[in-house]
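K.L.:
In case you want the letters, here they are:
2 protein chains.
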Amino acid sequence: MRNTYEYKHMNSNRGKIYIVGIGPGWPGHMTPRALAAIGDADVIVGYTTYVELIKGVIGGKPVLATTMTQETKRCSTAIDEAEKGQKVAVISSGDPGVYAMAGLVLELLSRKYGRDTGHNTGADTGITPEYEMPEVEIVPGVPAVCAAASLLGAPLMHDFAAISLSDRLTPWDLIEKRLHAAASSDFVIALYNPRSKGRVTHAEKARNIIAQYRDGKTPTGIVRSAMREDEAVILTTLAGMLDHEIDMQTIVIVGNSTSYRWGNWLITPRGYRLESERGTCADDFGGKKS
Amino acid sequence: MRNTYEYKHMNSNRGKIYIVGIGPGWPGHMTPRALAAIGDADVIVGYTTYVELIKGVIGGKPVLATTMTQETKRCSTAIDEAEKGQKVAVISSGDPGVYAMAGLVLELLSRKYGRDTGHNTGADTGITPEYEMPEVEIVPGVPAVCAAASLLGAPLMHDFAAISLSDRLTPWDLIEKRLHAAASSDFVIALYNPRSKGRVTHAEKARNIIAQYRDGKTPTGIVRSAMREDEAVILTTLAGMLDHEIDMQTIVIVGNSTSYRWGNWLITPRGYRLESERGTCADDFGGKKS
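Chains as they are written, first to last, in the numbering used here: chain B, 3 to 292; chain R, 3 to 292.
With the rest of the complex left out, here is chain B (with noise of 0.2 Å):
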C-alpha cells in the first residue's frame, strides 16, 4: 500500500494541503490519521462550526477563515498558505469527498496549475506531473450518510443513491431526474441538503417523486446533526416524513422496497431472494466476506 505518512511526497519544500474528514463531529468517529494530519498543520482552516466541533484537538494552532461561510474563498486561502511553505489542514465534516472541500481544493488547483489529460483525451499515462504546487493528501472520514445510517440501524445494506437536493449549482430538472430514476429502480435513496430557508419545497417535491414508484409506509429515517450534542434520530414513513422538522443538517433516508422498521431499527435485507431459492448460497454476500 502506499504509505499514507509519505503519499505522494515528492518536494519537502513545498507545502502540503491535507484535506481532512473529520466524521460526523464526535471526535471518537475521527480517525487517528485525521488526528495526525490535524497535529502535522501549522495551519487550519475550516468553517467555524467543524472548528468547534474539534477545538480540544486544535489546540492553540492559528486557525484562519473561521467566519467565512465561502467555500471557495477558504479553499483559496488554504491554497495561498500551502504556496507559502506551510501545511495547512482543511477541515471538512462528514468525508471530504463526499459534497464536501476534497474536490473544491482539486478544482482550484486545476484552474490555477492547468489542466492536463483532461476528459477530452481520456489518456491513461499513470504519471503525476511534477507540478511546483502543494502536495494533497485526501483523509477520509466517516460520512454523514453512514453515521446517520448506524443510528437508525442497516438501512444502507442493499444498493443506494445519494442525491442533493440542493439546485444552487445543479439544475432541479437534473434532480428531479435522478429522483425518478433512483425511486422507479427501487434504490435505497439518502437525501442531502433537504431543505434550508431558500427551498422549504424541495424535500416535499422529493417526497412526492419517490411516492410515485413506493409504497407511502416505506420506512424513512431522518437523522439530524448525527453524533453531536443536537443529534435527533426519527423512524417514520415516506408519508410521514414531512411531519418532521428537517433542516440543512439532516439527512433523510428513504427505504427501498424490501425494507423493514423492527422496533426501533431501519433494516434493508441483503438482498431480494428468499433463503429457500438461495441454495447453497444462503450464507454469501456475493462477494464481500465482511
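Please note that the accuracy of each hint is not assured.
Note: identical chains are not told apart, hence a pair may lie in one copy or across any two.
[Said to hold, decoys possible] Straight-line distance between alpha carbons at most 25 Å, and here's what the computed DSS-like set of lysine-lysine pairs gives: (1) Lys219 x Lys179; (2) Lys219 x Lys114; (3) Lys114 x Lys57; (4) Lys63 x Lys207; (5) Lys179 x Lys207; (6) Lys219 x Lys89; (7) Lys63 x Lys89.
Hints were generated in silico from the structure; no laboratory data involved. Nothing here was measured: the structure is a model prediction, and the numbers come from that model.
Use these hints to put chain R onto chain B, whose structure you have.
P.N.:
Showing chain R alone in chain B's frame:
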C-alpha cells in the same frame, strides 16, 4: 446526542453485540470508537482476513469463527455468545452498514425475537420494546468507497449511486435496471463486487450498459484493497476499464459527464453551473458548510 457509551443500554445483564466498522484496513483509518468497542469486547467474531488486519488491536482476546466463510453462521455465533451475557465485537471491513454485517445481525435478531411495527403497519411509535435480547451498537467506519475515492481524488463530489454487481441474492435484471437508471441520469457510479470467479462477465455487462449513456472517455477509477498492503490505484476511462485487473476486493468508480482527470486525480465538479451563471451563490455548496 446519545452518549454512545450508554447507547441503548437498558439491561446490564444482557450481552452486547458491537458491529464494528474497521474502515478500509490500515488501523490509521479505524476510529477510536471502533477501537474502544473491540477493547470492551470479551469475544471477537470476524472473517480471518479482517481479523488479521487489526490483530495488533485485538491482542489476546478469543477470536471465533475465523475460518468460516459463511456470514450468517458468523452472525449466529455472535448472537449465541451475546445471549450468554458476553460482549461480542463483530468485525466488518469498511462501514458495517454498507453491504456488510450490520444488516445481517439485525435481520437475524428480528427473525429470532419477532418483528413488530414493521413495513406493513408503518407505525411511528418511537418506542424500543424491552426485548430480553442482546444490546446492539453499530459503530460506523470509513466505507471502502470513500477510501477508494480519497486515493483517486474527488470523484464522489456530486450525486452518486452504489451498485453491487453480485447477483447471488439480487436478480440480475434488477441490477441491470439500476445500471440503466444511474447511467441515464448522470450519477457518479460506484461498483461494488464487480467480478469474481463465478461472475467474470458482470463487469463487462455493466460497462456496456453505462457506455450506452456516457462517453467512452469518461474518467474511471479502479481501486483494489485501498489502504492495504496490496493496494492498487488505476486511473483509466470507461472504455479502458476492462483492460485492468478487477476482482472482488476492487471498487470501480465511473465519473459523471462533468468529471475530468487532472494528473493523477479524478475530479467531479461540485455542480453543473458555470461560475458566470452562479451569481452571488458562487461560493455556496447549497447548504452543507463543509
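K.L.:
Let me make sure I understand: some of the numbered hints might not hold for this structure. Which ones are they, in numerical order?
P.N.:
3, 4 and 6
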